[in-house]
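Produce the entire structure from the sequences given, and follow the hints as far as they go.
Chain residues, written in single-letter form:
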Amino acid sequence: MTSSFTDRLLGRVKLSGWVSLAAPILAILFAGIVTSIVLAITGNPVFDTLTTMVDYGSQPRSLVLILNNATTYYLSALAVALGFRMNLFNIGVDGQYRLAALVAAAVGGAVTLPAPFHPILIILVSMLVGAAWAGIAGVLKATRGVSEVISTIMLNTIATGLGAYLLAEWAVPVAGSNNIGTPPIAASGQVPGLAMVPGSSLKVFGLVFLAVAVGIGFHVLLNKTRFGFDLRATGRSEQAAVASGVNVKRMVVYAMLISGGMAGLIGMPQLLGASYSYSLDFQPGLGFTGIAIALLGRNNPVGIAFGALLWAFLDVSANILGLHKISPEIVTIMQGVIVLSVVIAYELAHRYRGVAEQKRVSRELAGAASTPQKEGASA
Amino acid sequence: MLRNRFGKVVAGAAAGAMLLAAAACGGGDTTEGAPSAAPSGGASAPAASGVKVGLAYDIGGRGDQSFNDSAAAGLDKAVAELGVEINELEAGNGEAESAKEERLRLLASGGFNPVIAVGFAYSASVAKVAAEFPDTKFAIVDDEANKLPNVSNLVFAEEQGSFLVGAAAALKSTKGSIGFVGGVEVPLIKKFQAGYEAGAKAVKPDIKIQAKYLTQPPDFTGFGDPAKGKTAAEGMFDAGADVVYQAAGGSGAGVFEAAKAAGGMAIGVDSDQAKTADPTVADVIITSMLKKVDVAVFDFIKSFTTNSVQAGSKVYDLAAGGVDYSTTGGKVDDIKAQLDEYKAKISSGEITVPKE
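First to last, the sequence lines map onto chains W and B.
Going by this note's numbering, the letters in the first sequence line up with residues -16 to 362, in that order.
Going by this note's numbering, the letters in the second sequence line up with residues 268 to 623, in that order.
Since no wrong hints were added, every one of them can be taken at face value.
Straight-line alpha carbon distances no greater than 20 angstroms define the calculated SDA-like cross-link-like pairs of lysine to any residue that follow:
{"hint": "1", "chain 1": "B", "residue 1": "Lys395", "chain 2": "B", "residue 2": "Ala412"}
{"hint": "2", "chain 1": "B", "residue 1": "Lys457", "chain 2": "W", "residue 2": "Ile163"}
{"hint": "3", "chain 1": "B", "residue 1": "Lys581", "chain 2": "W", "residue 2": "Val157"}
{"hint": "4", "chain 1": "B", "residue 1": "Lys622", "chain 2": "W", "residue 2": "Ser160"}
{"hint": "5", "chain 1": "B", "residue 1": "Lys479", "chain 2": "W", "residue 2": "Ile141"}
{"hint": "6", "chain 1": "B", "residue 1": "Lys457", "chain 2": "W", "residue 2": "Ser160"}
{"hint": "7", "chain 1": "W", "residue 1": "Lys308", "chain 2": "B", "residue 2": "Gly378"}
{"hint": "8", "chain 1": "B", "residue 1": "Lys395", "chain 2": "W", "residue 2": "Pro175"}
{"hint": "9", "chain 1": "B", "residue 1": "Lys395", "chain 2": "W", "residue 2": "Gly176"}
{"hint": "10", "chain 1": "B", "residue 1": "Lys395", "chain 2": "W", "residue 2": "Pro167"}
{"hint": "11", "chain 1": "W", "residue 1": "Lys308", "chain 2": "B", "residue 2": "Ser376"}
{"hint": "12", "chain 1": "B", "residue 1": "Lys622", "chain 2": "W", "residue 2": "Pro156"}
Bear in mind the hints are in silico, worked out from the structure with no lab data behind them.
So this is what it looks like as structure tokens:
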């Protein structure tokens, strides 16, 4: 096994069999133990805390919230993962989705179209803006060799400044409010929620299906298309990709455009499903959550789905902790430990696999040497 | 290795993100001897036992030495004097909008009544949850966008208090040049700037005023980064200012440091910062613009215990004593007469202070 640590970290090398399942489960158990120790040290009841979280997190209302949060996290992690699969570190998902959601909200609030076209227009605008913003980093890397890590981080900051300016330009003041936001999107542009969870009046974002579709599309694009093959090949070895005729520079730009376009979707479930306006308190930081979840899910659409659900469960169940005088930050510790332990667990699993493989090979070789070969040596 | 690289980015971005109103709008004087900690220990105190107050903080929560702490001071006073039981929940960095709503709902469904939301970020959430729990009384600080029969909107006339300290700055400035450092460029903080500039110009129409905001939304680190505050204020002192007013929450500490180093003067915000700031720099603070969130929170709880809660807006302006300037240290004693004259004129409506 000659894969690099980054290859293994980003899931470009796959584990198979029981280890691939055991690794994340052990990692989550380990994170549970660490959290328990932290709880015990801080003088909180360990068992009660965890059962309280599970009780609250499994109520119908909480399930809806978990699904809604997970939808957003999933889109974010997929946008990050697409870059990761090609060895592109799109740290700028955060700026991309914020800027995209702002422009899309402004456009959506300014126009009125018949129902199916209005939300579609908003989503398209958002994807275009996200892609364009990420594309800047892609073009810089392809033409000038600028590291996308640096350029996307800088673009995040620029997106913040530009966003603040545009919001101030486009916002409509609400009497008596210290908040400002874009004009609300008319009913024709809103995506109705779905009463999917019995026992709760709260509705699941209608765009949960968009997230599922994007997940399937991600899998198909990467595994069933020539483009996906080129992308993965470039991620594994740039030289090999060049040798086999892949235009790496073009791939860089395309990958950033797609990643940015997916980033443009991140804000949509919330914008079209709940807030209908981009205001000062539009949720920031989702791009960074996406990085953690992409790592957690090994850049695999199914893994990321589990990662997003787990992350959302932890976030939502943290709500109850304050009521019991337990600091909700305990959940942040848990999330951090889970990501670290998953990374370590997979690394250990890979090494275990490597050692086991070596042993098997040497055993077979030893066996082959001891039994005289009947046929002549092959070339 | 990868986590290191990401870790810093993540930590940096998460650190102050989404502070929203946590603003410079906090502090409040704790002179009435509020206890330092009071978790649900109100049972032994007198009077209205049985009242359970739920309070939801903005990002930063209790201990932010700013806006939230001011609300906490009011809550503590209610525990000590009214014997109410309390529970406090805190907003998380970069949380989903649904989390705010859920926090209020948990308090309301947990039997807490009244429920107080600190910061305009709770505006939409209060509107939704208050409609669901018509028998629970809600209060929201810094927002009057949503009016419901069971919601009290506690708002402040920050521009009026800022007018007074602006006048003080102009009167105290020998160079005819003053500065304003805002935490994050949001409408709330612009009110501070507008009042300050109006006050300064009322004294000296040709005064030179420099203004700088530390960050732009949604980057709310400007409310908690003393280094940024210091750099901004240093620039203003270098450019000839000798008095700088800060409405920048935790970043204000840096403004005071810069004033100390430059031999200039500074004006505090929210609480009487000549008392609460680091003692090594407190002597540069000539006055502070007081925004009495603690008074508003206490008054609201008190009105609940006497069953006299009023829904709708309650404006804490100069006339109501909701905003004011502080005189600790005696540095504005010589101009007190002039300031009080402005105060009377604003209270009587003779002077209308612009909000933007």
